[in-house]
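Chains A and W, in that order, are what the protein sequence lines are. The letter at position 24 of the first sequence is residue 24 when you use the numbering used here, and the numbering goes up by one with no holes. The letter at position 228 of the second sequence is residue 228 when you use the numbering used here, and the numbering goes up by one with no holes.
Read the hints as simulated data drawn from the structure, not as lab findings. Be a bit skeptical, because a hint or two may be false.
[Unchecked claim] Lysine-lysine pairs mimicking DSSO-like chemistry, simulated, CA-CA at most 27 Å apart: (1) W:K71 with A:K44; (2) W:K60 with W:K46; (3) W:K246 with A:K44; (4) W:K246 with W:K144; (5) W:K60 with A:K44.
[What the hints assert, rightly or not] Listed next, the stretches of chain W that the computed footprint assigns to chain A, with coverage defined by at least 3 CB atoms under 8 Å from CB atoms of chain A: (6) 164-174; (7) 177-183; (8) 231-241.
Just so you know, these numbers come straight off a predicted model, no measurement behind them. Idealized CB from N, CA, C, for every residue including glycine.
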Amino acid sequence: MDVGLIAIGAGIAMISAGCSSIGEGMIASKAIEGMYRNPEMASKLRSNMIVGIALDETCGIYSLLVAILIIFVLRG
Amino acid sequence: MQEIFDHFFDFTIPGPILMSYIIIGLLIVLCIVVFILAKRADPLKKPKGLLAIAEIAVEKVDGLVDENMGKSFPNFGAYVLAIALFIFTSFILGIVSFPNPLDGGQTSLGNPLTYLGVPLSLALCTFTMIHVTSIKYTKWSYFKRYVDPIPAFLPINLLSMWAPLLSLTLRLFGNAFAGWVLMSIVYWACGSLSNLIFANLAAGPGSIFIAPLVAPMLHAYFDVFSGAIQTLVFMFLSMLFVAQEKPEEIKAEERLALA
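Just chain A, with the same shape it has in the complex (with noise of 0.2 Å):
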């Protein structure tokens, strides 16, 4: 096959990392918001901060396995 679609392909795959990185921004900033808000709370927040980038950072590590697998397994 041709070596630039598969590099196009892999590329196309890894749009869903940026969407993921998104994701993680929007939830970091609203927990430090929490933080400074609630300054008592923020060992809780900054725990339940980390699972949940963890859980959004699930996508992107999805994306980037198929986009190595694209580019390892489709090169033959």
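Got chain A; can you put chain W on it based on the hints?
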């Protein structure tokens, strides 16, 4: 058929699996040392050295379990700490990448989490724990979860049963594998660049000069930081998935208020 018999006595162990055995061995030795220290220590004095670190770790993990799961899982901290130690140690020892002694240095003993079987078995432990907890608390009505609103949902429920397993496995595997691929690309690029510059200066292979300047920062991110975050996330998700299976109990005052 012949192939099956040929491979039946083939005891070659892949590098990552051997590395995970080594890590388990190291952790067992550590646990025995801590056990002996704890037996011999004087409970009236301040703990010192390794024992103090072990006590802080156990206290922290028990606190986390109490905070996230409630009082009804008193011994769950042991499982969480064991899983966390294994994941973090495998990320840290993955930096070193010794050559594999079993096949003469063909492959390397890297991070065991880059081999899909290892994170899958870790996730299977948590998956088993989820279902055992569910059976323990709901007895025979455990099977009711598969026909939850109406029996027509059976295929959907059977599929969504595997979601925690898949997400736990692929999160660990994806992080470790992506870090490994990126580090290999960085090492290859640094090697080629250094070869271009220093090929005429050094007598031996000139490809080892740039990578030591670039790689440590990336190792600190992809192995140490990412490893710590993934360890924390695996701990949190195991605790939350298992705690979710315990049905909400109605407290005594509320029951009085309802009656």
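We went through each hint and held it up to the structure:
For the hint linking W:K71 to A:K44, the alpha-carbon distance of about 18 Å falls within 27 Å, and the restraint holds. The hinted pair formed by W:K60 and W:K46 meets the criterion: a straight-line CA distance of about 18 Å does not exceed 27 Å. A hinted pair counts as satisfied when its Cα atoms are at most 27 Å apart, and W:K246 with A:K44 qualifies at roughly 21 Å. Note on W:K246 and W:K144: the hinted pairing holds, with a Cα-Cα distance of about 15 Å set against a maximum of 27 Å.
At roughly 14 Å between alpha-carbon atoms, W:K60 and A:K44 fall within 27 Å of each other, so this suggested pair holds. Closer than 8 Å: that is the beta-carbon criterion, and the region 164-174 of chain W has 5 residues meeting it against chain A, so the requirement of 3 holds. Given as covered by chain A, the region 177-183 of chain W passes the check, having 3 residues with a CB less than 8 Å from a CB of that chain where 3 are the minimum. With 5 residues having a Cβ less than 8 Å from any Cβ of chain A, the region 231-241 of chain W passes the three-residue criterion, so the hint holds.
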